[in-house]
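Whole structure, please, built from the sequences with the hints as guidance.
Line by line, the protein sequences give chains B and Y.
The opening residue of the first sequence carries number 0 in numbering that gives the first Met the number 0; numbering runs sequentially from there.
The opening residue of the second sequence carries number 0 in numbering that gives the first Met the number 0; numbering runs sequentially from there.
The set of hints was computed from the structure by calculation and includes no laboratory data.
Check each hint, because a few of them may be wrong.
As the list claims (entries may be wrong) - One side only, chain Y facing chain B, incomplete, derived with CB under 8 Å:
| hint | residue |
| --- | --- |
| 1 | 40 |
| 2 | 43 |
| 3 | 184 |
| 4 | 229 |
Claimed, not checked - Here are the simulated PhoX-like pairs of lysine-lysine, each with C-alpha atoms no more than 20 Å apart in a straight line:
| hint | chain 1 | residue 1 | chain 2 | residue 2 |
| --- | --- | --- | --- | --- |
| 5 | B | 134 | B | 153 |
| 6 | B | 134 | Y | 137 |
| 7 | Y | 137 | B | 153 |
| 8 | Y | 42 | Y | 149 |
| 9 | B | 100 | Y | 164 |
| 10 | B | 156 | Y | 134 |
Every residue gets a Cβ at the ideal spot worked out from N, C-alpha and C, and that includes glycine.
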Amino acid sequence: MRMNPIHAAGLAVLAAWAIVMYAAPNGGTISGTVTYEGTPAKAKPIDMSKEPSCAKQHATPISTETVVTGANNALENVVVYVSAGAPDQGAPSQPVKVDQKGCQYIPHVLAFQVNQTLEITNDDQTSHNIHPLPKVNREWNKSQPPGSPPITDKYDKAEFIPVKCNIHPWMHGNFAVLKNSHFAITEGGGNFALPNLPPGKYTIAAWHESYGDQTQEVTISGSETKSVNFVFKAKSY
Amino acid sequence: MRTGNMKSMRLFLAILAISMLPALAAAQESRVGKWSGHAEAGKQLYFRYCWGCHGFRGDGNGENAPYLNILPRNFVAATFKCRSTPTGTLPTDDDLYNAIDRGFNNSNMPSWIVLPDQNRVDLIAFIKTLSPRWKTDKAGTPITVPPEPKLTIASIKHGQELFQKLECWKCHGQEGYGDGPSASTLTDSNDQPIRPYNFAAGSRFKCGATNQDLYKIFITGVDGTPMPSFADVVKPEEAWDLVHFLRTLQVTHKSPELALWESTTEGAEQVASKKIYGTPTGSGIKQ
Numbered sequence: 000m001r002m003n004p005i006h007a008a009g010l011a012v013l014a015a016w017a018i019v020m021y022a023a024p025n026g027g028t029i030s031g032t033v034t035y036e037g038t039p040a041k042a043k044p045i046d047m048s049k050e051p052s053c054a055k056q057h058a059t060p061i062s063t064e065t066v067v068t069g070a071n072n073a074l075e076n077v078v079v080y081v082s083a084g085a086p087d088q089g090a091p092s093q094p095v096k097v098d099q100k101g102c103q104y105i106p107h108v109l110a111f112q113v114n115q116t117l118e119i120t121n122d123d124q125t126s127h128n129i130h131p132l133p134k135v136n137r138e139w140n141k142s143q144p145p146g147s148p149p150i151t152d153k154y155d156k157a158e159f160i161p162v163k164c165n166i167h168p169w170m171h172g173n174f175a176v177l178k179n180s181h182f183a184i185t186e187g188g189g190n191f192a193l194p195n196l197p198p199g200k201y202t203i204a205a206w207h208e209s210y211g212d213q214t215q216e217v218t219i220s221g222s223e224t225k226s227v228n229f230v231f232k233a234k235s236y
Numbered sequence: 000m001r002t003g004n005m006k007s008m009r010l011f012l013a014i015l016a017i018s019m020l021p022a023l024a025a026a027q028e029s030r031v032g033k034w035s036g037h038a039e040a041g042k043q044l045y046f047r048y049c050w051g052c053h054g055f056r057g058d059g060n061g062e063n064a065p066y067l068n069i070l071p072r073n074f075v076a077a078t079f080k081c082r083s084t085p086t087g088t089l090p091t092d093d094d095l096y097n098a099i100d101r102g103f104n105n106s107n108m109p110s111w112i113v114l115p116d117q118n119r120v121d122l123i124a125f126i127k128t129l130s131p132r133w134k135t136d137k138a139g140t141p142i143t144v145p146p147e148p149k150l151t152i153a154s155i156k157h158g159q160e161l162f163q164k165l166e167c168w169k170c171h172g173q174e175g176y177g178d179g180p181s182a183s184t185l186t187d188s189n190d191q192p193i194r195p196y197n198f199a200a201g202s203r204f205k206c207g208a209t210n211q212d213l214y215k216i217f218i219t220g221v222d223g224t225p226m227p228s229f230a231d232v233v234k235p236e237e238a239w240d241l242v243h244f245l246r247t248l249q250v251t252h253k254s255p256e257l258a259l260w261e262s263t264t265e266g267a268e269q270v271a272s273k274k275i276y277g278t279p280t281g282s283g284i285k286q
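Quick look at the structure:
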């Protein structure tokens, strides 16, 4: 049976559009840089003399990590994520890991999804106690002596959770528990990229533990890359 | 009476009874032993006895709160110190009841044993309405406290090894005075300064006074404070050894453990050399 040529053309267009939209693996990307303006407080060296087994792991003392900056006013440890416009996603099966080494949380900011398994290890020669301090999720506090197995847990609500060790008061970390897989944490250059975004209108949020959070609206229509930058006001204290 | 009326009367009564069942079920909001507590009744008691410290929202911001060193419990956050349930889980009704009964040692929370049982269970039912957590989470499963094994010197000595290995001394100090290297920088989950328990000056703990209470304290952790749970790192038999040892640190409190320890030469010397100073909350302890 011969198809009406107009119908055939229509089908071809539909097929092409479908191929572009849904077969193309990448979708759109939102990328950019996070910087600060003003003068941030100077990072202070951490005195670990109360814990010699950690102090000796650092040839020069490490500095506080509440504000970490890079070249050209780059701001590190900013969690950039899609706060609206993307559906909630189930957690991936592989766990995320945070390690305690040299009396530091590595990484300093860990981003993962709601209900994703978190695995905490202690690679130091001293006990640590893991004490995340959520306000929405439930608060727990567990001791982890050296040589213990990893502690695993998960959070069922989205939240930014500060983490501390009571034994070592200089240890500070953060867990960013997010609802979908579109997130990135800025590093030395302050850059981030959120790929694989289907067309739609998105709210992109950027969160920094000392400087607060900001949002911007971005629309993706195909597989383009949109540039979004965030500028945080540095605090001098 | 005519048969027809009896039938419809019975039917009416049956329907009435069945329709009341949900109300009955919802009304039974706390259960301790043979007592059932109801939030409505507890509400009036709360606003008479409790809100001055715990606040009219139950968030611990009562009128008296600014003057209290250990802040009143924030029932909205629903993080509780004294539980028989694992860290991060809600306490059982029994835990809440015991907390009101005992009060909290070395804090401004008195014992409310003066109130009748019914009042206390009603209060617990009301407290459970103050936080949304009680709707989404169930109370944790209480931990099993195995029966206490025989008290021996070996048990005390093993407990002493555990005290070292688990690094309890980092906060509690080598003598249990609450003057360990990390003690002076401890803050609770509201960023308020807090000191570890001073075994030498205290006889009762925040969460009770018995060996079983002591066992539960370090297995479940004291949520909201720096004291973590050691549930994953201490085996039950070892936990009892630690309990026996900790009692020998409480040199002002007569206990079978202390008496046994003092009957040894080593133990007698150690106890005699302890200087008793400071208070159970550690204030006055030199760092």
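Hint-by-hint comparison with the structure:
no.	hint	verdict
1	40	28 Å, violated
2	43	30 Å, violated
3	184	4 Å, holds
4	229	5 Å, holds
5	B/134 <-> B/153	15 Å, holds
6	B/134 <-> Y/137	18 Å, holds
7	Y/137 <-> B/153	17 Å, holds
8	Y/42 <-> Y/149	46 Å, violated
9	B/100 <-> Y/164	19 Å, holds
10	B/156 <-> Y/134	15 Å, holds
Hint check: violations occur at hints 1, 2 and 8; the rest are consistent with the structure.
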